[in-house]
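A.B. asks: Protein chains in written order, with the working numbering: chain V, 1 to 301; chain D, 1 to 601; chain R, 1 to 176; chain Z, 1 to 392.
Derived from the structure by calculation, the hints contain no laboratory data. Mixed in with the good hints there might be a few duds.
Examples of chain V residues lying across from chain D (beta carbon under 10 Å, computed) [unchecked claim]:
#, residue
1, R35
2, P127
3, L269
A virtual CB, placed ideally from N, CA and C, is assigned to each residue, including glycine.
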Amino acid sequence: MSFEWIQIPYALLTLLIVFVYGVFMTTIIRKMGARAGGRYGIRLYQTFVDLAKNYALRSHISHGIMFYLGPVFRLTGGVGLILFVPTIYGSVMHQNFAFAGDLVLALYFVFFGTLGMALGAGESGHPYSAVGITRGLSQMTAAELPFVLAVFAVSLQYQTLSITEIVAAQQGGFLSWTLFTNPIAVVAAMIGFLGTMMRSPFDVFLAPQEIPIGPPTEFHSAYLALMQTNRILFPIAKIVIYMNLFFGGATNWPVFFLKVFLIYLVSALVGVVFPRFRVEQSIRFFLIWGLPLGILSILIV
Amino acid sequence: MRDVLSPFTAWKHLFREPVTVLDPLNDRPGADRYRGFHQNDLEKCIGCGTCEVICQNAAIDMVPVSDPEDGDSGLRPMIDYGRCCWCALCVDVCMTGSLTMSNDYVWADANPDVFRFTPGVDPKPWNEEEKGYQRPGARVLASTERVHMGERTAKDRIDNFEEIVAGYTREEAMIEADRCVECGLCVATCPAHMDIPDYIKAIREQDYDKGLQLLYQTNPFSEVCGRVCTHNCETACAARHDGDPIAIRWLKRHITDEVPYERYVDLIGKPEAATGRKVAIVGSGPAGLTTAYDLARMGHKVVVYEARKSPGGMPRYGIPEYRLPYDMLDRDIDVIRAMGVEIVCNTRIGEDITMETLRADNDAVVLSIGLHLGRSTRIPGAESPDVDTAVPLLRKITDGEEVPVPEKLVVIGGGNVAMDIARSMARLQQVKHGKVGVTVTALESFDHFLADADEVRESREEGIEIFDARGPQEIVTFKSGKRKGRVKGLRTWLCDSIFDDQGRFNPHYDESDELVHPADMVIEAIGQAADVSILGKDLTEALEWTRGRIRVDVDGQTSEPWLWSAGDCVNGPDVVHAVADGHRVAQSINAMLAAKEEAAT
Amino acid sequence: MRALYDRLKDRFQLGELTRQRPDLGFVTVGRDHLRALLVELKDVEGFTHLVLFTAVDWLEDGQFQLTYLLNNRATAQDLGVRLMIPREGASMDTIHDLWPTAETYQRELYEMFGIDFPGSPRVDEDFILEGWTDLPPNRRDFDTKEYSEATFAERAGRESHDPRDHMKQKLYPDGE
Amino acid sequence: MFKIEPDRSQYPAHNPDGSCDIDLSSGKYVKIWHGPNHPGITGNMSLELTICGDEVVEGRTRVGYLHRGFEKLMERRTFIQVFPIVCRVCVPEPDLNEYCYAAAIEELAGIEVPDYANWMRTLILEMGRFNSYMMYLGGQSGSLGMGVIGQWTTYVRDLMLDRFEELTGARVYHMFILPGGVRDVLPDGFAARMEETLKTAERYLDDVDKVMFQNAVFNKRTRGVGYIDPALFDSYGVTGPTARAGGATTDVRRDAPYLKYDELDFEPVTGTDSDIWARADVRRRDTRLSIDLIRQILVKMQKPGEYFAKIPNVLHWKIPYGETYIRGESSRGEYGYYLVTDGTGYPRRINVRGPSYTHAMALLERLIVNTNISDVGALMVSLHTYPPEIER
């Protein structure tokens, strides 16, 4: 696989499309949650406005370099993930920087942002941040386990570490999707997915009612905006991986939009109607339900 | 498993119409009873300030909006919405029902000062709003009904001159005094500016000593006024707009009833040290004696000259005893005497002593001779011997002189004097003939009647017939026979208007509606005149006159620098007005004397 | 209620029983007998529920009235036990060992009335008024209006008129 | 499986008076403020928590963020002027304040309230209780991160506020129960609109049952958490639904019926487990009871009649010496007004007995020890406390 300079603007274009889509999807998911509660919800452009406002704000409060870098790392995680994952299968423009071992890199990026965030939030010195990070990291680790196991199962199944190849293997009708060829791995992965989407019942590290806001407690103004941007991009990026690994990827934008939306919806559907677990309860959940399924899926393969 | 799936039923709300309001600023009017921003009907509001008093958070200020007049202070409530808690007690307590609340509650503005405004005065979009909080039903935070005053029944009172009104008991007075909201609108209307809210408060606190002191600060005729005052105050009472006015007159009487008479003088206090100045007063009616009382308290030597047997003037000789027992009047007069005032009775100016003498012997002279001459209608037949005027008749009754008591008589007039003579004669008739035969014909219709409503009601109870809107045309006399020249009756026409377009007195009659009221006697009670013959020719010429009355300035001083005049003879018949006059004149004389003193030293 | 009173009257030298309602009475007790009375009421007579515990300031008499209102759940009756203590250096025995929740009441009374309860947990800890240095505010001699006037500014431009004075000024400015 | 018991061996020992000596510099403990600016706190109060890991070692309730000195303010106001203030002691259920105050005044002044006004008061109290429970249900689920319940109950509460608005002229502070009676009669067609509201409420409550009470995660978080030993009830002045969730049958409406409760047909709702779930469950069923009572009241209320007794002129209303205590059952427990008068036009002392006073202070401070900080919010909401009752 050769590197072409043209891939850079192509990748940026992908990024832009994903970002705009992410903004709207965030909005739509929020509106759906509002509808479930009997409200109209926010206006369609509201998320843009919030972002623009926060980016425009500057702060005089400093907690040190790492504090500032935290959101940057966090965003890097999100952007990086997008950039190294093929977004549209078979499209030269939106192939991004996919390469043979990109699956491993992707797994790394999934965790990278969280770590960066941990460092930054830790620097703020706020006890809520500390509590949130402790909880977040332990829960994230537990949630990653079934996901990683499922990924192993998939890569074993397709005998490759290239996402593109995994997607290629799933082409030819939806019955060839991993969803149907290895359902247990998908269930395990989806359990992990719920755990990383920062929604109930696995959002105890943010838990406004318990430890207000958790890690981002001290973040505000443009830093908050960076994190908001990431919160828009990152789920999409993650979902792209899921889509590619388990749901046959996407060969054009409409399919992409639809699949991403549906996968996103899973987390919203669950999140709105359940309260959150305590941190040890959620870890136990992942260990009891996610881990065995992940191991099982590998064993089956 | 059920517990895992059941929560997903929440999503059925996804495709339902949301329940929130998209545009809460415009789409959501307040409920019909909503307590929103205040409205005030400026026409109805009297500026009594009760809303300000009840506001628990001091959100209301009374600010001047128009000129004060009787029963309206001209103030209107201004509300500070930074403090208003929307409890609507101000609406509930509003004495006139003018203050209400609209159901408008949405109003945003960056300037906090606009949230302080005078409802009804400042234009607001909700000023015309019909909906909102209005006090339901009657005013409930203060009683609207006057405590019933006990009085003797018509049957008990018709054959004697004993006092009719019983007076309040302490309990009744407490309840009645409790109704007062202490707005003080009545004070301005009372000619003597008595401290009405304060003495009513003294009743509530059962501090009758203080109440009496307050009374005598402004009115030495409290016993009299507590019974027969024209009580203009009650027409200015805030309570009258939504219920009965406070029975201010009866409460005043209640204080005098409750304090033992022996303590009066002690409570009122001693006069100031003697100044050596002398003032003579002609006439011992309320005006003269009030002047005397004030001047005596200021330390001046005062002598009052009275032509009749007893002092008291009109209250004694004009008001029948069933309304004002004479010993009550005597009590007031004795208090005045106790202040050092000397009253010389049976002394007629012009005969026993002349004005010139008075002028020479005194620093000032006050003329308060009242209106003791009856006026005549001068209609045909008025010269008959069976025709008399009310005032001399009343005087004769007071003095116990013989008066003719026919079985049937007619009184011409619709004022209180007409009622007084009619009722007095009715009592005499009852004693002599065992039945009442009195007819009253008044020019005014009942809608514009001059006499008090109570008087009219009581008269009727006593069997007196009252015809309204009747213009007397002729006193019909026997043209021949044994009773030639004696009265047969009174012929009247219906009066359809009293004043012409310019507002001048010019009654218009409907000649087709004629009545003849049979009577053996006719009493004219259409007005009184002052007996100015006592002044003597020189003085009469020297004085300035206006419409038959001596012209006085605002302080009661005549065009002669040594002579003041007060009371009915300058201001028309009214006890409390006379008292007020007396105060004014006393002040003026005192100022003059003080100036004199200063000039002398 | 009357029977209860008769049972306890002599033992604890109770004052007159005020029967406010059939199910609510008030009785005065001396300081020496208070604790024994409360224990008796709680453990023997079934008045297990401490409804409230508060003070009334009788400034004119120089006394605080402490009111312990007890409720007997079984008979649905309330008995208010009144105790008068001198205002000067007011202090009273703690009852937090009988009802742990009394700790809160006693903290409040300490702060709001300045009544000390030696031995009561955290009785001198700030309850509501952090950093308060003035008189205990629920005492009658603490004037809230005076305090607020001294502490806060009035809204500028406010002026009111008394109808009576206003009319006097306008209609007869020279008096009578 | 995987039951993780915290290691409590290193916690400091408690002193006899309940306090414990914590050496913050040891680094074992962190002190955090839970509130006052905190979505998990009901109103303006805060919890000062000392935590070791995820567990609370010591908790202290801190109040004073909204102290307005109501009791003192009332002493400066005439009896009628107190009336607009009392409701402000409790935002979500202000009506009980109005009732207790009015009833205390009426008792000491010897005023007989018309029958119709008593029915009206009963109606308003039940409407207020319903509203308060609606707020609670949303708060309890919200404290565990489930916002959708709060949105529904807020809507239902809003509908009830609409009924309040058309009846009383105000939504939050109704100021409708004046000493002497009530302000007005029912508006035309009120019963029909109320029935509609109640039907909607029942529909939403069915949803709440399904989504909140038949919810695996909610059960997991609340069952067995926040247990209050029924033996402690009297020591800590525990009343109302909190006590009933532990099997006690204390309900002022039944024990000492006031207003028209003795003419209504109902049984106090009780639970058994005395944990957060039981308390939520008792309140959920009590809400249904309120709905039932409102229906009964509207049927039993006679045609509009006298609604206000004759009272003296309020501007100088004096009440002779006396003291009394009026209690009512609020949505949180026993609520009461202790009123002392001295013959003047002003109250000598008014003391408000709010259930939160006992629940949120001594009791909460005791319960909170050794709980996970994730449960602190849920625990404190489950006591259903409103801070203004603590600092009147």
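A.B. asks: Okay, which hints does this one fail, numbers in order?
C.D. replies: 2
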